[in-house]
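Chemist: Position chain B relative to chain A; hints supplied.
Each chain is listed here by its residues.
2 protein chains.
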Amino acid sequence: MGGDKGPAAIVAGLASFLAKDPSARAILHGREQDLTPLVNKRRIADRVEIRDCPDVVQMTDKPSQILRQGKKTSMWSAITAVKTGDADVCVSCGNTGALMAMSMLILRKVDGVNRPAIACMWPSMSAGNFNVMLDAGADIRADQDDLLTYALMGTSYARNGMGLARPRVGLLNVGVEEHKGRAELKVAHELIAAAADRGDFEYIGFVEGNDLPSDRVDVIVTDGFTGNVALKTGEGTANLISSALREAFNNSFLSRIAAAIAYTSLQRLKKRIDPRRVNGGVFLGLNGSVIKSHGSADPTGVAAALALASRLGKNGFSQKLAARVATATALAQDAQNDGAETASTSAKSE
Amino acid sequence: MGGDKGPAAIVAGLASFLAKDPSARAILHGREQDLTPLVNKRRIADRVEIRDCPDVVQMTDKPSQILRQGKKTSMWSAITAVKTGDADVCVSCGNTGALMAMSMLILRKVDGVNRPAIACMWPSMSAGNFNVMLDAGADIRADQDDLLTYALMGTSYARNGMGLARPRVGLLNVGVEEHKGRAELKVAHELIAAAADRGDFEYIGFVEGNDLPSDRVDVIVTDGFTGNVALKTGEGTANLISSALREAFNNSFLSRIAAAIAYTSLQRLKKRIDPRRVNGGVFLGLNGSVIKSHGSADPTGVAAALALASRLGKNGFSQKLAARVATATALAQDAQNDGAETASTSAKSE
Numbered sequence: 001m002g003g004d005k006g007p008a009a010i011v012a013g014l015a016s017f018l019a020k021d022p023s024a025r026a027i028l029h030g031r032e033q034d035l036t037p038l039v040n041k042r043r044i045a046d047r048v049e050i051r052d053c054p055d056v057v058q059m060t061d062k063p064s065q066i067l068r069q070g071k072k073t074s075m076w077s078a079i080t081a082v083k084t085g086d087a088d089v090c091v092s093c094g095n096t097g098a099l100m101a102m103s104m105l106i107l108r109k110v111d112g113v114n115r116p117a118i119a120c121m122w123p124s125m126s127a128g129n130f131n132v133m134l135d136a137g138a139d140i141r142a143d144q145d146d147l148l149t150y151a152l153m154g155t156s157y158a159r160n161g162m163g164l165a166r167p168r169v170g171l172l173n174v175g176v177e178e179h180k181g182r183a184e185l186k187v188a189h190e191l192i193a194a195a196a197d198r199g200d201f202e203y204i205g206f207v208e209g210n211d212l213p214s215d216r217v218d219v220i221v222t223d224g225f226t227g228n229v230a231l232k233t234g235e236g237t238a239n240l241i242s243s244a245l246r247e248a249f250n251n252s253f254l255s256r257i258a259a260a261i262a263y264t265s266l267q268r269l270k271k272r273i274d275p276r277r278v279n280g281g282v283f284l285g286l287n288g289s290v291i292k293s294h295g296s297a298d299p300t301g302v303a304a305a306l307a308l309a310s311r312l313g314k315n316g317f318s319q320k321l322a323a324r325v326a327t328a329t330a331l332a333q334d335a336q337n338d339g340a341e342t343a344s345t346s347a348k349s350e
Numbered sequence: 001m002g003g004d005k006g007p008a009a010i011v012a013g014l015a016s017f018l019a020k021d022p023s024a025r026a027i028l029h030g031r032e033q034d035l036t037p038l039v040n041k042r043r044i045a046d047r048v049e050i051r052d053c054p055d056v057v058q059m060t061d062k063p064s065q066i067l068r069q070g071k072k073t074s075m076w077s078a079i080t081a082v083k084t085g086d087a088d089v090c091v092s093c094g095n096t097g098a099l100m101a102m103s104m105l106i107l108r109k110v111d112g113v114n115r116p117a118i119a120c121m122w123p124s125m126s127a128g129n130f131n132v133m134l135d136a137g138a139d140i141r142a143d144q145d146d147l148l149t150y151a152l153m154g155t156s157y158a159r160n161g162m163g164l165a166r167p168r169v170g171l172l173n174v175g176v177e178e179h180k181g182r183a184e185l186k187v188a189h190e191l192i193a194a195a196a197d198r199g200d201f202e203y204i205g206f207v208e209g210n211d212l213p214s215d216r217v218d219v220i221v222t223d224g225f226t227g228n229v230a231l232k233t234g235e236g237t238a239n240l241i242s243s244a245l246r247e248a249f250n251n252s253f254l255s256r257i258a259a260a261i262a263y264t265s266l267q268r269l270k271k272r273i274d275p276r277r278v279n280g281g282v283f284l285g286l287n288g289s290v291i292k293s294h295g296s297a298d299p300t301g302v303a304a305a306l307a308l309a310s311r312l313g314k315n316g317f318s319q320k321l322a323a324r325v326a327t328a329t330a331l332a333q334d335a336q337n338d339g340a341e342t343a344s345t346s347a348k349s350e
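Protein chains in written order, with the UniProt record's numbering: chain A, 1 to 350; chain B, 1 to 350.
Looking at chain A on its own, in the form it has when it is part of the complex (with noise of 0.2 Å):
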């Protein structure tokens, strides 16, 4: 129900993903009455169950007041789907800070985890086209201990939602040098370069706002108000490019004429860096895996968040994530005693 779009877009979106993904089920969480007709009329009733919820969280909606009176809302009950083993994969469209507030208190964070993070997708050069981004917003803050949690998570997302093997990860910083940047991410570094080896994945040091949708790197750590902030610049430098390049072609007669001779290219163009098809910023540490979509998803974007579920819940990726996490812990105790020795002696030597 959370969408700015309304439930139609959601329907339709979810009825996209139905007709590509044919193992696929759903559960449709909201007001039934909405709800029926729009299942009906995409003939997908057969595979969809609606669980009739007589309240939805506004966008307005502070996640204190969620917590205390939310327990009737549509997003409550998706997110006890996973809790109760209904669903695999909640994806919601609705208030962020509510969704993770919720979330967090009804699936509960993963033993070792301190704070859970957002993670999304960000066109890239890289050869799967996408880099994965951490946290893009879950949190303002983020010490060094979250730092390497979000590598480790990062890691594991990147390997069990994109498939590759030795991912490699980078810290985002405001240089690439060594002595740059905040006491925290010199820390940071030590323990994330520390737990290369044991957690499987390439450190390949400080990276730069350049370097998000660069080929030398797989999954870019950072604070979440930093990554946020990232993220929407990124967005809106996008959106300036576009409309530019819309004013561009439709400058002169000429230029209207070129547009439609490149017609193919620049669909296929589009397609590469259209935001919808990246949509989905997935909830890690949980003990349940969430996405939460755009809430402006046309349900092109809301097949895309669904697809990504259906992927991460066909590799049992909560489970794999929080055992990886489990272990690490152990581990990155061990990383961290020998980083902070590390760190404060090149701290010394600074």
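Some hints here could point you the wrong way.
Because identical chains share one entry, a pair is satisfied inside a single copy or across any pair of copies.
Cross-link-like lysine-lysine pairs, in silico, DSS-like; alpha carbons within 30 Å at most [unchecked claim]:
#1 LYS314 to LYS72
#2 LYS20 to LYS5
#3 LYS41 to LYS314
#4 LYS41 to LYS180
#5 LYS180 to LYS71
#6 LYS180 to LYS72
#7 LYS109 to LYS186
#8 LYS71 to LYS271
#9 LYS186 to LYS20
#10 LYS314 to LYS109
#11 LYS186 to LYS83
#12 LYS72 to LYS271
#13 LYS83 to LYS180
#14 LYS180 to LYS109
#15 LYS180 to LYS5
#16 LYS62 to LYS180
#17 LYS186 to LYS62
#18 LYS41 to LYS271
#19 LYS180 to LYS20
Since the hints were made in silico from the structure, they are not lab data.
Only a predicted model underlies this, so the values are computations on that prediction, with no experimental measurement involved.
Modeler: Okay, now just chain B, sitting in the frame of chain A:
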């Protein structure tokens, strides 16, 4: 001497700038035996004075090294020329950290400024085609008072560098709601709002990453860590799209024909978002104007940085900014006292 492309690109850019700005003159700092033939070749010797400097700051030098050993460098000589009044503005393509450290040492901070900032131009949908963002990376930290100072300095820059009478100022955050973001941002929000009337700017409140290129704001205020990541993320995104666009147009015979037909429109677009045209990070908060040009600037980029320098020099920008901050310091002090009270009240009610 500091650019990646060497002094030839800088002298070429200087020649192109001097051709467009008949009243301007320049002092070139660097190795005389390298510079003299370049200046003669461009036939600008009558408008250029060369100051021979044996040393050059390297990109890999640490600021601390430079401050101890840098007195014979071209960078030191160029900044000193501003200090002595021989030059109105210093432009350098060299090492940013060294340039800022040396500028602070030689020119000193303006009274009332704790952390100087680097302001950069951001291609945008605003009427003037650009927004200003600061700090783009002078410092990795900024507390609430620094953010207020950035708002005042950014306003002064927008007025003198871009001709905006009453700039619209926004504070970068992860959401526009008042309860979002870090503690120092909430306090800065109150401080900047309280200073708006007396500072003669319009405060539009929190903005997000996607507002950086938008037409609803002129000056975006943030700390140098976030600003630097955002700036480089924007550059990286623009590069990704340009290369995808080039690929799309080289894709087939038809698309190459289309590109040829749309050539003028595409050039117009390219010019609009060309980072070389907005080359020049302006150091704000020092007693004298210093502009950091991109290290990889080609002659077009160097000429753009020089044109900006000329505009600021003719406006007496650095004196105006100092006067503005001096007046504002007292006002800010008041605003801060008021603001701090409001902020602590609202923190309680949170």
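Chemist: Does the structure break any of the earlier hints, and which numbers would those be?
Modeler: 4, 8, 9, 11, 12, 19
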